[in-house]
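K.L.:
Guided by the hints, dock chains B and C onto chain A, whose structure is given.
Chains as they are written, first to last, in our numbering: chain A, 5 to 441; chain B, 30 to 285; chain C, 9 to 231.
Please note: incorrect hints may appear among the correct ones.
Selected chain A positions facing chain B (Cβ under 7 Å, derived; list incomplete) [stated by the list, open to error]:
#1 Tyr92
#2 Pro99
#3 Pro262
These are computed hints drawn from the structure, not numbers from a lab.
The structure displayed is predicted, hence computed values, not measured ones.
We treat Cβ as the ideally placed atom computed from N, Cα and C, and that holds for glycine.
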Amino acid sequence: MDSMIRHKEQINQQLARYGVKFGIYKNGAFHERFFPYDPIPRIITAQEWRVLERGLRQRVDALNHFLRDIYGPKRILSDGVVPEDFVYRSPGYLPQCEGITPVGGIYSHISGIDLVKGKDGAWYILEDNLRIPSGASYPLIARDLCRRCSPDTFRHNGVLDNRNYGQLLRKTMDSVNTGGIHVVFTPGRYNAAYFEHSYLAEQAGAVLAEAGDLYVRDCTLYYRSIQGDQRVGAIYRRVSDEYMDPLTFEPESLIGIPNLMAAYRSGNVAVLNAFGNGVADDKGIYYFVPKMIRYYLGEEPILHNAPTYLPFYQEDMHYVLEHMDTLVIKDVAEAGGYGVIFGSNLTSQALDELKRSILTQPRRFIAQEVIDFQDLPILDGEVQVERKADLRAFVLTGADEITVWPSGLTRFSRNPDSFIVNSSQGGGFKDTWILSH
Amino acid sequence: MSRQLHFFYDINLEFDTPVTEHAFTLRCIPPSFPGQEVLDVTLELEPGVPYTRQRDSFGNLMQIGRIAQPHSHFRYTVHGSARLDLEGRRQEADTPIYRYPSAYTTPSPAILACHQGLVLPENPAEKAWALAQAVAARMTYLPGVTGPSTTAAQAFDAGQGVCQDYAHLYLTLARLSGLSARYVNGLTEGEGASHAWCEVWLAGIWTGIDPTRNQWVDDSYLRFGVGRDFGDCPIERGVFLGQAIQRQTVFMKVCQ
Amino acid sequence: MDTITLSKQNRLFWLGRYSERVYTSVPLMMEDYDSLIDGSGMDYHAFCRKMGIPCVYDSGEDFCRRYLFDADSQYSITSAVEAMLGNGMVLRETITSQTLAYLQMAHSAMEMAARSDSPMVELQWVLDDIMAFRGSFDDAVEEETARNITKTGGMVERISLMLRLERHMERLEGELRKLLNRLYKTGLTPQPDALRTLSDQALDVQPVDRITLLSSVESLFYV
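Isolated chain A, as found in the complex (with noise of 0.2 Å):
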């Protein structure tokens, strides 16, 4: 460990080298800038991530149920264990994708879903991220890179290897491909992770695409090349659902292939992840995962929510408005860190405002208890500080079977009192260590 702090600066210049890069725009300006890297990993032991691993399966394999049933015989609503608000009101829910089935009944085969460990070292789940979750790529060649800074770490630490995430997205993939070539479709050279796009193509074997790149005609996908036009058998796509047609969904987007929805109605090429996922990952869906584990698995939870009301149901009501100066309040509409407010920040008439809005508008508001989670060390200069981290773990789900990848994405704040760690608000990341023993 002390090797790899001694290494900050190589690492540092190695991830240069490689051109980690996130994108952010402030003021309406695009800008990129090097994703802060903090040494000292995250350690995970064989142990606690076996239970990890057993729970994140659970948990993707009854939101792939969910989402099947949802966009198909809506078993979940109609046996009232998910009121139907909650789908039809979510603005993920997309009903142009009703009675469409994908491939291998997939729906998300890349889940990200973000942990974090309280001080009484239990893990709880913080949100689910079915769409296109992000940030693997920062481990993954992290990890190579300090293998090289720091050889003797790795030799005398069993960990786990994770470099293999190209080659576990590359099965996914293949698993679902209905004949033809692999793309990772990007919105472009100016998007936040277009390192991240770039890097997980070449990882995986794919060809990176951009908008004029593809076409559909007769309901099939092509990619236009200089040697001729081939087919498509799988698209991993970066980009959001409403850009993604402009004949079914945004009109006016401008990076989209137009009649692709066309092509994956016919089951003619697979789409990474599918459409509509929003309805299963939609903050206020959060608080029935749970129950989606016992409805449609017919077990236990192995990984808890953190704990939720929904003041949606009366008594939860109740609670939070009493409770608001404790809770945190989270609008679901929002996305990205943003929208989530601490009760104990606001100030009386500030509290009394949001009370208003809960009152007026309770599906729109979820509320948490706050959750004391464990610190991360991070070295601030010299000096080894503590901040608050979450984990973000990647689980892959192909037409038949789910893996999780020995690894994940540990961002932590910046600033020692926030408890916000979202890449887009200024934070940074570690490697995420799944020890052999």
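P.N.:
For chains B and C alone, kept in the frame of chain A given last:
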């Protein structure tokens, strides 16, 4: 009682400079369902390109294709005949999404206030009728004020609009009143342009009501597409490469 | 596995042009830096005229500094480095991360040179990194067509700069012959008139004036 209708529908899109890579999705063929039997139908495209038939998630028929080569116009012509019979309609299960607001039918504070001021009967059919009266009382039919992207809220503020706006406002109010209601477009007997109206789920039957003409729908309404609002079932949607200015001419005729 | 789209073809070509532009221009500017030590410097008015760029510089020193490092000028070498990296970045899965790293390093070296009071040392690194990029590119890019497109882009740029600056004109025929041999392996479609003019010159069929040659080489490909 049933009625046999002959229909002819002709749309020509002209581009002032040639366009390429033109991808389109049409919903210009009426489907058959209990109450509406399409006896024969022909679709002609110009330029004559092949197209694929699909059904979208709302049950509408789509014709999907692409014109790669440069072209200065895109014309599609549909003709055929259908037998309409309101008696032939059957009970169907409710579709909950038609009870929720959609992009075009999200109520504004002004619409909410208007809705709160309405005194509505309990009986769903009477309620559906009363809402049509409410729309008629607040809207004046005037083409040219609104466009295809105008929402119910905007049309309500203007107090003017065309059939699409009447339908959107009606749907907004109906959904606020707890009714399942959906958007319909199609043709009605006569000559001119296509029309839009609504269907309300009453006692298990999707019952047509035309807020623009302030009447229940009869055997003279030929249904093309349905959806939450206009955005789900436009008769034509397309994108192409090129800077062309588009001009559209429409002709339709429906007669017995 | 790789497949080349039209947009990729364009990027490969311009990657070749920009890397060559940097590789040819940096030594010129290093010479200029050196001659400024004794006070003279190059005739930058003439330089700008030949390059067809606006002469907005106050002095020899100002020209030397800003032609190299002015990020706001599209004609500066630093902008060419930026464009070189930009084209490389969108080709990662074709040229590999390994190769792209050298462009990243050339870019970082350029940034360091801009901040340095002895920029020639860092500028040498820019050249070294581009050289390493070329080696890695040759080694790592499996697709022959892709390699040929970038190399052709480089040759077009080299010939264009030769003709503009009238430097090393004795090598012109040789360079033209290399270009003509290579371009058939790229899948690019040359403009017939431009191609004829260049062939005539290369094969000594008919000598052509410099300006016509320059416009022919610039218009050889529309990519």
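K.L.:
Against the structure shown, which of the earlier numbered hints fail to hold, in ascending order?
P.N.:
none
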